[in-house]
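Enquirer: Spelled out from the first residue to the last, the chains are:
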Amino acid sequence: EAGVVQSPRYKIIEKKQPVAFWCNPISGHNTLYWYLQNLGQGPELLIRYENEEAVDDSQLPKDRFSAERLKGVDSTLKIQPAELGDSAVYLCASSFDQNEQFFGPGTRLTVL
Amino acid sequence: AQSVSQHNHHVILSEAASLELGCNYSYGGTVNLFWYVQYPGQHLQLLLKYFSGDPLVKGIKGFEAEFIKSKFSFNLRKPSVQWSDTAEYFCAVNGGSQGNLIFGKGTKLSVKP
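As given, the protein sequences belong to chains G and U, one line each in that order.
Counting in my numbering, the first sequence runs from 1 upward without gaps.
Counting in my numbering, the second sequence runs from 1 upward without gaps.
No wet-lab data here; the hints were simulated from the structure.
Every residue gets a Cβ at the ideal spot worked out from N, C-alpha and C, and that includes glycine.
Each hint can be trusted.
Computed spacing ranges between beta-carbons, pair by pair: (1) G:Ala54 - U:Ala16: 42 to 50 angstroms; (2) G:Glu14 - U:Pro79: 45 to 53 angstroms; (3) G:Gln41 - U:Lys112: 22 to 30 angstroms; (4) U:Ala17 - G:Lys62: 44 to 52 angstroms; (5) G:Phe96 - U:Lys69: 23 to 31 angstroms.
Sample of chain U residues lacking proximity to chain G, with all beta carbon distances greater than 12 angstroms (derived): (6) Ser14; (7) Ala17; (8) Leu56; (9) Lys112.
Here are the simulated BS3-like cross-link-like pairs (lysine-lysine), alpha carbons at most 30 angstroms apart as the crow flies: (10) U:Lys69 - U:Lys108; (11) G:Lys16 - U:Lys105; (12) U:Lys105 - G:Lys15; (13) G:Lys78 - U:Lys105; (14) U:Lys112 - U:Lys58; (15) G:Lys62 - U:Lys105; (16) U:Lys71 - U:Lys49; (17) G:Lys11 - U:Lys105.
Just need the whole structure built from these sequences, with the hints factored in.
Expert: Written as structure tokens, this is what we have:
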């Protein structure tokens, strides 16, 4: 069974540029999560989807971050414009209902 | 608000030594508890979980954890570590009706061969 797929794995951009991350969850998993992981910290939730509905986006900085999960499968997380402090690893996870979460490899973003 | 504390930032052990990593959480209600491991260059993977029942939980690769409700703790243990256990270990909790995991800051384990 394929795991959670994320792309790209690495991204380097200059500040003020836009960037987008893509996630394909495990087949059949209706819940999808985006996490932010700073160096030396644990992952922190940005947004949680149940099917195509964002049920918790309270931690998403909405002035520059946006996300979508069209058709309740793949999801995209976007930052526009990126700031230096956005350098981090962006993790996607999925689960069936709210059981065990399976994590993808993450996208390491570096903002110069 | 829920929070998770992991007491050790970096633990260095020799092979065959015993391991105990501390984890305390703050939440007054029913919780689900998890330990995740991240091996170098790999993604987070579940080591073990506690939802209910026997408070002593056994996971993969010889790891176990004990839920002590009165102490709000869920410490991870392994009687004899191996070099291949070198990784970062994260304790996580979700409580109430939400599915959101709250993670600790992680403990980096280095095992010397």
